[in-house]
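Take a look at the letters that make up each chain.
There are 2 protein chains.
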Amino acid sequence: MPIYCVGHKIPDSDSICGAIALAYLKNQIGEEAVATRLGELSPETAFILDKFGLEAPELKLSYAGEQVYIVDHSEVTQAPDDIAEATIVGIVDHHKLGDLTTSTPLECWIRPVGCSNTVIKMMYDFHGVEIPKAIAGIMLCAILSDTVIFKSPTCTTADIRCVEALAEIAGIEDFKGLGMEMFKVKSAVEGTPARDLVLRDFKDFDMNGNLVGIGQLEVIDLAVLDAVKPALVEDIAKLKAEGNRHSVLLLLTDIMKEGSELLVISDDLSVVERAYGQSIEDGKVWLDGVLSRKKQVVPPLQQAFA
Amino acid sequence: MPIYCVGHKIPDSDSICGAIALAYLKNQIGEEAVATRLGELSPETAFILDKFGLEAPELKLSYAGEQVYIVDHSEVTQAPDDIAEATIVGIVDHHKLGDLTTSTPLECWIRPVGCSNTVIKMMYDFHGVEIPKAIAGIMLCAILSDTVIFKSPTCTTADIRCVEALAEIAGIEDFKGLGMEMFKVKSAVEGTPARDLVLRDFKDFDMNGNLVGIGQLEVIDLAVLDAVKPALVEDIAKLKAEGNRHSVLLLLTDIMKEGSELLVISDDLSVVERAYGQSIEDGKVWLDGVLSRKKQVVPPLQQAFA
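As you go down the protein sequences, you meet chains A and B in turn.
Those letters in the first sequence? Residues 1 to 306, per the UniProt record's numbering, in order.
Those letters in the second sequence? Residues 1 to 306, per the UniProt record's numbering, in order.
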């Protein structure tokens, strides 16, 4: 029976590349493992896998009775729907500790770094397993994506050292150039339905009993979103109603200006205003220096709900 | 502001020795840390610290507003009462994943091995920090205690290798002899009140909404408990009523015969009988081969409650 290595719902590059890298490592140390995914690839992830000639993990939604190694989260809402009927054998992550629990001992590799793939690199080092060129390439891209090419406040020296080491293995000289190429793919929104954009990197959080959905779109220049912004606002309102959510937040992150425009629809805007210490006009506010949902957006909101 | 390294309530040797070993490591890598404890030392732990000339960690019950590194568990019931008001910066453990959560990223070193101190040894290796002789000694004793001198089914090759490496550092040739000496101290019950014996290694678990307390006494020969057994039965009945518990289980483990006599008081004995596939006569049953609460007692009971 293989161990399924799977990231979170609405997978980002860290979840997909991490599942592939972890499954490869497990197979090398004699534990049969298969990388899987809980949803469609984003254009960014498709670009990364294509670039290094790797296949997408298989789509698999049900895990009852299986062994699962959770990648890039520890939250029930982000895990497979039937995770309670699976055996979680491990978790590799870089977020706050969520509400997944187990009935048997497991391994958790959780570190306060910028990306799960940085932690997976530590696992390779621990087990003394060589990383193949292509896998080093996708791990490196996942780290550049999660750390916004080292600009995010979540980025640590461990992430930077890790990218440097992986770049050497993958034979990539200009990894920052590769990062920009990747973010250009991410910034292409033309012809994409508003719902797809909103859900591209969307996570639900339980905040003191309130369901809060937070999406993020990272672009090189916010101007590319001007035309679709009204449709985005309309769509997050729909998403709030459909999911019976307390609030839906969408971060439009400008990685060059290093800040985010926040779009909000909420049952109680004052909670959100309290969280970020800013008044919200017309459902919008510019948050200067805010690049990281995990470090700069979720914790203050969680506090405001507490 | 130091990081407090603290084990679980009613601390065992793993919790105490682990807190000391972890605090020392943190200080070596430039993070100010202080070992603390949530309760009195057991005679076994007092013997270990005395043997290697180390001080007991300070008793500290409140952690609101502090930074805490949790040792040897990840359960709210076993953590400091005000843990929700503290910042958990890390967890080192070898149990199932419990219900502690955080609002910020942290480090979790959790592995399915026999003892937290085995995981802490891996942390020393990761950081390249040398272990002082005395700390190697107490870490080794904690592992021998948790693995019942390698007899417990929780014991892994990692634990054995770790004890061998620590014995070399500590200059101990006959570590199995040291383990027996330690278990002899643990087996001395004369003159100890029944309540002290019951609580010596006692943990509460939330099992599908039911509070279940499980204690364990490990002795070299069960005969030493004959005289106190009626008092133990009486006391676990009291403990059940006082704590409004669904059940209280007490394992009397004979480490030479490699099995445990289980004493039970329960609102529903049939759940316990279903868990272990044995009928319970007069509140007692012999469980052959059962040495580990974590691996052989908690999981089947959790299943029976599910």
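Bear in mind the hints are in silico, worked out from the structure with no lab data behind them.
The reader is advised that the hints may include incorrect statements.
The list treats identical chains as interchangeable, and a pair is accepted whether it falls inside one copy or across any two copies.
Straight-line distance between alpha carbons at most 25 Å, and here's what the computed DMTMM-like set of lysine to aspartate or glutamate pairs gives [unchecked claim]: (1) Lys295 x Glu32; (2) Lys294 x Asp267; (3) Lys238 x Asp99; (4) Lys257 x Glu32; (5) Lys229 x Glu261; (6) Lys60 x Asp125; (7) Lys133 x Asp206; (8) Lys294 x Asp99.
The structure displayed is predicted, hence computed values, not measured ones.
Here's how the hints hold up against the structure:
1. For the homomeric pair Lys295 and Glu32, the shortest alpha-carbon distance between copies (23 Å) is at most 25 Å, but the shortest distance inside one copy (35 Å) is not.
2. Taking the shortest Cα distances, Lys294 and Asp267 sit within 25 Å of each other inside one copy (22 Å), while across copies they are farther apart (44 Å).
3. Proximity of Lys238 to Asp99 under the C-alpha cut-off of 25 Å is found in neither arrangement, the shortest distances being 27 Å within a copy and 33 Å between copies.
4. Taking identical chains as interchangeable, the C-alpha atoms of Lys257 and Glu32 are never at most 25 Å apart, the minima being 45 Å within one chain and 37 Å between chains.
5. For the identical chains of this complex, Lys229 and Glu261 are intra-copy neighbours only, at 11 Å inside a copy versus 68 Å across copies, given an alpha-carbon limit of 25 Å.
6. In this assembly of identical chains, Lys60 and Asp125 lie within 25 Å of each other by CA distance neither inside one copy nor across copies; the values are 29 Å within and 37 Å between.
7. Taking identical chains as interchangeable, the C-alpha atoms of Lys133 and Asp206 are never at most 25 Å apart, the minima being 39 Å within one chain and 47 Å between chains.
8. For the identical chains of this complex, Lys294 and Asp99 are neighbours both inside a copy (16 Å) and across copies (20 Å), given an alpha-carbon limit of 25 Å.
Against the hints set out earlier in the document, violations occur for numbers 3, 4, 6 and 7.
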